[in-house]
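Here is how the chains run, residue by residue.
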Amino acid sequence: MTLSFRKHSLGVHTARRIKGIARYIALITLSALWLVPIIFVILTSFKSASELSLRQFAWLPSKWSFDNYIKAFSYPGYDWPLYFRNSIFVTVVTVIGSLFLNSLAGFAFARLNFRGRDILFMIFLAGMMVPPQSIIIPQYLVLKGIPFVGGNNWLGQGGKGLLDSLWGLIIPQLCGSFGVFLCKQFYLGFPKSLDDAARIDGCREFQIYWKIYLPQSTTILATLTILKSLAVWSDFFFPMIMTHSNSTRTVQLALQLFKSSSTKWNEVMAVVLVTILPLVIIFLCAQKYFIQSVVSSGMKN
Amino acid sequence: MTAVTATSKKPKKSLERQPIGYLFIAPNFFIYITFVFIPIFWTMGLSLTNYDLNTMEFVGLQNFIGLFGDRIFLKSLWNTMRYTVMVLPLGMVIGLMLAMLIQKKFIGRAFFRAVFYLPQVISLVASSLAWMYLFGENGILNMLLRTMGVSRVGWLTDPSISIFSIVVLSLWMISGYNMLLFLSGLQSIPSHLYEAAAIDGATPIQSFFNITLPQLAPTTFFVFVMSCISSFQVFGQVYMMTGGGPDNATTTLAHQIYINAFQYNKMGYASAMSVILLLIILLITLVNFRYGNKEVD
Numbered sequence: 598m599t600l601s602f603r604k605h606s607l608g609v610h611t612a613r614r615i616k617g618i619a620r621y622i623a624l625i626t627l628s629a630l631w632l633v634p635i636i637f638v639i640l641t642s643f644k645s646a647s648e649l650s651l652r653q654f655a656w657l658p659s660k661w662s663f664d665n666y667i668k669a670f671s672y673p674g675y676d677w678p679l680y681f682r683n684s685i686f687v688t689v690v691t692v693i694g695s696l697f698l699n700s701l702a703g704f705a706f707a708r709l710n711f712r713g714r715d716i717l718f719m720i721f722l723a724g725m726m727v728p729p730q731s732i733i734i735p736q737y738l739v740l741k742g743i744p745f746v747g748g749n750n751w752l753g754q755g756g757k758g759l760l761d762s763l764w765g766l767i768i769p770q771l772c773g774s775f776g777v778f779l780c781k782q783f784y785l786g787f788p789k790s791l792d793d794a795a796r797i798d799g800c801r802e803f804q805i806y807w808k809i810y811l812p813q814s815t816t817i818l819a820t821l822t823i824l825k826s827l828a829v830w831s832d833f834f835f836p837m838i839m840t841h842s843n844s845t846r847t848v849q850l851a852l853q854l855f856k857s858s859s860t861k862w863n864e865v866m867a868v869v870l871v872t873i874l875p876l877v878i879i880f881l882c883a884q885k886y887f888i889q890s891v892v893s894s895g896m897k898n
Numbered sequence: 002m003t004a005v006t007a008t009s010k011k012p013k014k015s016l017e018r019q020p021i022g023y024l025f026i027a028p029n030f031f032i033y034i035t036f037v038f039i040p041i042f043w044t045m046g047l048s049l050t051n052y053d054l055n056t057m058e059f060v061g062l063q064n065f066i067g068l069f070g071d072r073i074f075l076k077s078l079w080n081t082m083r084y085t086v087m088v089l090p091l092g093m094v095i096g097l098m099l100a101m102l103i104q105k106k107f108i109g110r111a112f113f114r115a116v117f118y119l120p121q122v123i124s125l126v127a128s129s130l131a132w133m134y135l136f137g138e139n140g141i142l143n144m145l146l147r148t149m150g151v152s153r154v155g156w157l158t159d160p161s162i163s164i165f166s167i168v169v170l171s172l173w174m175i176s177g178y179n180m181l182l183f184l185s186g187l188q189s190i191p192s193h194l195y196e197a198a199a200i201d202g203a204t205p206i207q208s209f210f211n212i213t214l215p216q217l218a219p220t221t222f223f224v225f226v227m228s229c230i231s232s233f234q235v236f237g238q239v240y241m242m243t244g245g246g247p248d249n250a251t252t253t254l255a256h257q258i259y260i261n262a263f264q265y266n267k268m269g270y271a272s273a274m275s276v277i278l279l280l281i282i283l284l285i286t287l288v289n290f291r292y293g294n295k296e297v298d
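Those sequence lines, one after another, are chains W and D. Residue numbers 598 to 898, in our numbering, belong to the letters of the first sequence in order. Residue numbers 2 to 298, in our numbering, belong to the letters of the second sequence in order.
Calculated from the structure, these hints are not laboratory results. Each hint should be verified, as a subset may be incorrect.
[Claimed, not checked] Only some residues are given here: those of chain D computed to face chain W with a beta carbon under 7 Å: (1) I21; (2) F25; (3) I26; (4) A115; (5) F117; (6) A127; (7) A131; (8) I141; (9) G155; (10) A255; (11) M268; (12) V288; (13) F290.
It should be emphasised that the depicted structure is a prediction, and the values quoted were computed from it without experimental measurement. C-beta: ideal position from N, C-alpha, C; glycine also.
Let the sequences and hints guide you as you build the complete structure.
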């Protein structure tokens, strides 16, 4: 009896160990596969042009030098610091603006009582299922027809409106059905006694939002910051349609154009690496929040 | 005591209106109406016209009739379907597999999770460029094939292969996202179910099919709907990697909208395509609501 029991537990133990080792082998293989493209970006960005055209394939560059980086970032016709400034400006302003507007609207939908509130919220929600490509043409026409800017008269005619301007990239993305939805769900979980206490203290609605709700919203704001920054920083479709000149170019657009200007993969990869580095570093430092953001955005649906 | 105060307070509260709420939603709402809501109907209106940014002419349903005789459009629909049919199940299976591999706590778990999720923080343009180098005519894959003595493959230039290359890129991009969703689904399955099954002598495979999969159903459904919607909108990968080619072998619905609107200036025709895309997504969403509600009941 005892013997068989021991034998059994030993079997379980080895089985578990084998399972553990098998899992590591599977995971190491898979993660190696996942990293292949990134590894080649890194290796290629250090290789010389002659190494790329070698008949014999070599994994490692023969000499690690930053020549490609220097060449790529001083490529004629490209003003990379400007593109980074543009992208950072658009991302930061859009994220801060949309955090404020979305959480304010979310607060109103969750806590304030006004006529037509639920219908207005449904109209908002409808926006979540609209594919961006299906409304891009009217969006282009709307931006072109904004009055008083970009040489337009009061009827929105004559000029280019907000087309080809950074504000044209920012303003449409300030609203966010999804952000409002997440904030509303989040605020619904707040105890109502919080508002009552504040109201007794004589707080008006905005003060309740600003002094009580907003300071308690760190988790949801972190989630939204991550989702929105990723979306805005990485987006190339909207800027590609709405801008065309060098002065309004974003990093993603420049990256895409650079491939057609420079035929040298080692230079392209140098630029690719520099453009992905900021977000990858932020991700590695704040992994926990990134994962939280996906999970909370998924489960709330 | 508390009950009394609660009931005496309630009717007073429901009467109290806070019209300042309109002001709070106003900026968001105004932008939303201008850039999303009105454009939906504007697209529908434009789809009934011929419009090239200068002249507009009403043509009724002509565009829609034209669409169904348009070989390239039909091909783009077919490609979108093919793409979805491949990416959807594979993305879910890979996502679930990764989630199950890293579900338990072990040394290095956070590292593996980060690796699989990493493509999500890399922009589509950068990802596409990295993969173009792998798939290129003189790219890494062909170089490796050559060292093995195999002749080169047109990963992006062979019409019968290029769509698979795009599928591979997409799977690389989305699997980590699916993994995280499945992971949180797996973690919400109560462990006593597995313990009970183990006592009853269930094999791991049995408990996977009888516990894990049924318990994961809501997550699976959510992942299914989200991937379905994003697959039907696939654009960036196609635009970057193949430009829809070779010979329209990889062009998709969203790609055709872009080409017609912003390269051929056929805004009305492209709007008709947009309406079709909108209808497809609407259909998926409605199915989602139907079954989503059923699950709640």
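* Let me know if the C-beta of D/G155 comes in closer than 7 Å to any C-beta of chain W, holds or violated. => Status violated, d = 18 Å.
* Status of the hint placing D/A131 at chain W (closest C-beta pair under 7 Å) -> holds (4 Å)
* Residue hint D/A255, partner chain W, criterion CB-CB below 7 Å -> holds (4 Å)
* To do: Closer than 7 Å between Cβ atoms is the bar; does D/F117 clear it against chain W? Give me holds or violated.
  => holds (6 Å)
* Is the shortest C-beta separation between D/A115 and chain W less than 7 Å? -> holds (6 Å)
* Return the status of the interface hint for D/F25: holds when the least beta-carbon distance to chain W is below 7 Å, violated otherwise. => holds (4 Å)
* Would the stated hint for D/V288 survive a check requiring a Cβ distance to chain W of less than 7 Å? -> For D/V288, the interface hint is violated, since the closest Cβ of chain W sits about 12 Å away, which is over 7 Å.
* To do: Grab the minimum C-beta distance from D/M268 to chain W and call the hint holds if it beats 7 Å, violated otherwise.
  => holds (5 Å)
* Asked: Taking the closest Cβ pair, is D/A127 under 7 Å from chain W?
  -> holds (5 Å)
* Against chain W, is D/I21 within 7 Å by beta-carbon distance? -> holds (5 Å)
* Double-check D/I141 for me: the hint is only fine if its C-beta lies closer than 7 Å to a C-beta in chain W. => At 6 Å from the nearest chain W Cβ, D/I141 passes the 7 Å test, so the hint holds.
* To do: So, D/I26 near chain W? Judge it on the closest CB pair being under 7 Å.
  => Hint holds; D/I26 Cβ to chain W Cβ min 4 Å, cut 7 Å.
Figure legend: structure checked against the earlier numbered hints; hints not met, in rising order: 9, 12, 13.
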